[in-house]
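For the record, the sequence lines run as chains A and B.
Here the working numbering is used: position 285 in the first sequence is 285, and no number is missing along the way.
Here the working numbering is used: position 251 in the second sequence is 251, and no number is missing along the way.
Derived by calculation from the structure, the hints in this document are not laboratory data.
Glycine residues also receive a C-beta, built at the ideal position from the N, C-alpha and C atoms.
Heads up, a few of these hints could be off.
[As the list claims (entries may be wrong)] What the simulated footprint calls covered on chain B by chain A, stretch by stretch (three residues with Cβ under 8 angstroms from a Cβ of chain A suffice, anywhere in the stretch; the number is not a length):
1. 198-205
2. 209-222
3. 249-257
4. 292-300
[Stated by the list, open to error] Covered by chain B, per the in silico footprint, the following chain A stretches (three or more residues, Cβ under 8 angstroms):
5. 205-213
6. 253-264
7. 285-294
Number of protein chains: 2
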Amino acid sequence: MKGLALLFTLLISLTCQADTSTPLSSWQDGASRQAIISFVQRVTDPASPEHVAPSDRIAVFDNDGTLWAEQPIYTQLLFVGDRVRAQAGENPAWESQEPFASVLKGDLAGAFSSSHDAPVQLIRASQAGLDTDSFDQVVRDWMQTARHPTTDKPFTRMVYQPMLELLDYLQDNDFKSFIVSGGGVDFMRPWTESVYGIPPERVVGSRTAKQLAVQDGVVRVVHEGTMEFNDDKEGKPIGISQHIGRRPIAAFGNSDGDLQMLQWTTAGDGARFALIVHHTDAEREWAYDRDSSIGRLDQALDAAAEHGWTVVNMKQDWKQVFPD
Amino acid sequence: MKGLALLFTLLISLTCQADTSTPLSSWQDGASRQAIISFVQRVTDPASPEHVAPSDRIAVFDNDGTLWAEQPIYTQLLFVGDRVRAQAGENPAWESQEPFASVLKGDLAGAFSSSHDAPVQLIRASQAGLDTDSFDQVVRDWMQTARHPTTDKPFTRMVYQPMLELLDYLQDNDFKSFIVSGGGVDFMRPWTESVYGIPPERVVGSRTAKQLAVQDGVVRVVHEGTMEFNDDKEGKPIGISQHIGRRPIAAFGNSDGDLQMLQWTTAGDGARFALIVHHTDAEREWAYDRDSSIGRLDQALDAAAEHGWTVVNMKQDWKQVFPD
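Bound-form chain A, shown alone (with noise of 0.2 angstroms):
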């Protein structure tokens, strides 16, 4: 009967557990893997003294640049100027306004950066008079569409193989993700959930103002469209502390935009992760840092020098970039 026994707590153990097949197997076995591997390693382990309670084990993540492409234009403003050229039937007088003018001659990036408020309108008419289901459903048939300019693949697709292992692995240890995005959180929420596995509480990210519309008793809440919000520098700090509610024991990012995030993260008591992605590979992805206009990394390489943050070269780092 003891031999009995012991199958029995072997098999249930067995069927209970998670899955525990190599992790992380599109990194290569470098300084960057070992770093993450290492620092879950002694959070999670119960005779650690640097172990955290499961409950504190709170990740946080750059989307742009850290969890999909965000080259050669941010993918919200490709939606923005998708949005904008669907309305503009409605709205003839854009053919001679800007910033509309220039995204229905074509040119996305000069309509962003034609004005102070350019990007401020340009978002408001993607989503102003929208309630929040129809505005989801919006988001989700773009998504759902729409190509990256360059490879010609669903923005889907161009999520970071890397990266959604790295979930995974914080999953299965018990961490609670979360993004911590520049980009609007209603453009995230209704597709972070299937590509990512983050549900759409868990995303925090720059806010348009919404309000109440009651019509015949039935209420809907409605996207007014103007900023409300700044998730980005010192703004995601504030962000997470209003989301949240707690400092989070690790974060990833890729730019500057991510330095306060970073920096506060790391403040904090006990063990405290800090990761950034460097885009250093040119031919399966982009190679860009200080001079960027789009995910400028600058002071954010520098401080990541000076605290010991993990670096991660994409060229060297990565086997592999996006999904199959």
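Chain A is fixed; fit chain B onto it per the hints.
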């Protein structure tokens, strides 16, 4: 071998399964309890035409008067009063300066109603200048030591036992429950996980402003204390949309401040559930509704009758009000 295989399967199933003891045992087996159980069964049974995927099983709970007592005065106001008294020594001018003077004379309700700005001034005084870690600790310490003015119990024992069981029951059925309160989010988050099992990131509430403070390269998030978002009435659906990013399928409240949240929740497609806790028990708790200045329940009670929402008659429906 077939019998052994069956035994294995049974044993594994028993070992891996969640607790399935009688749910909601502090609820009388009447219409309210049955309505809750019927709703949960309809949305969780995979064969039900009203089945809802676990990821969409979002439930929202008001806090004051729904999860814990709000009489004779909102708990947070007592906290604010204690904070003002604790800082009076450093602020001698407060002795003759409203609304602080009334607090120091022991007239807390009078202090809060002494002017339009009084609540804002008092709340700011309770937190301005503290960083997030320090304010968290102040709240934790207060919750450990403060006592309810009429029952002399710790506030963590002024929660409703039947609602704790409801939170457990929903969690056992793969719901995600959130608090959506008019109270300050930073006043609730330090203790909701230990008291309700609801982690900080699942608490939505009224918000005061914060700013980033950088000193010697160390980043902190510091409370400014000025009101930024009022998560009450029309604010609740907005707060849910900002924070959760999905419309709930079930909402639980007790006052007119919850009306729009209940309306928005029930205006969605598919199975929906709305419940109001009606305070009818002057002996074990308090009895109040249409004429109360705290937790007024008037329009929402009419709406409940009109739409067939579940109204909990506390005196009749709850075997027990507070935990032992």
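Margin query: Are any of the numbered hints broken by this structure? If so, which, sorted upward?
Written below: Numbers 3, 4, 7 - these are the hints that the structure violates, sorted from lowest upward.
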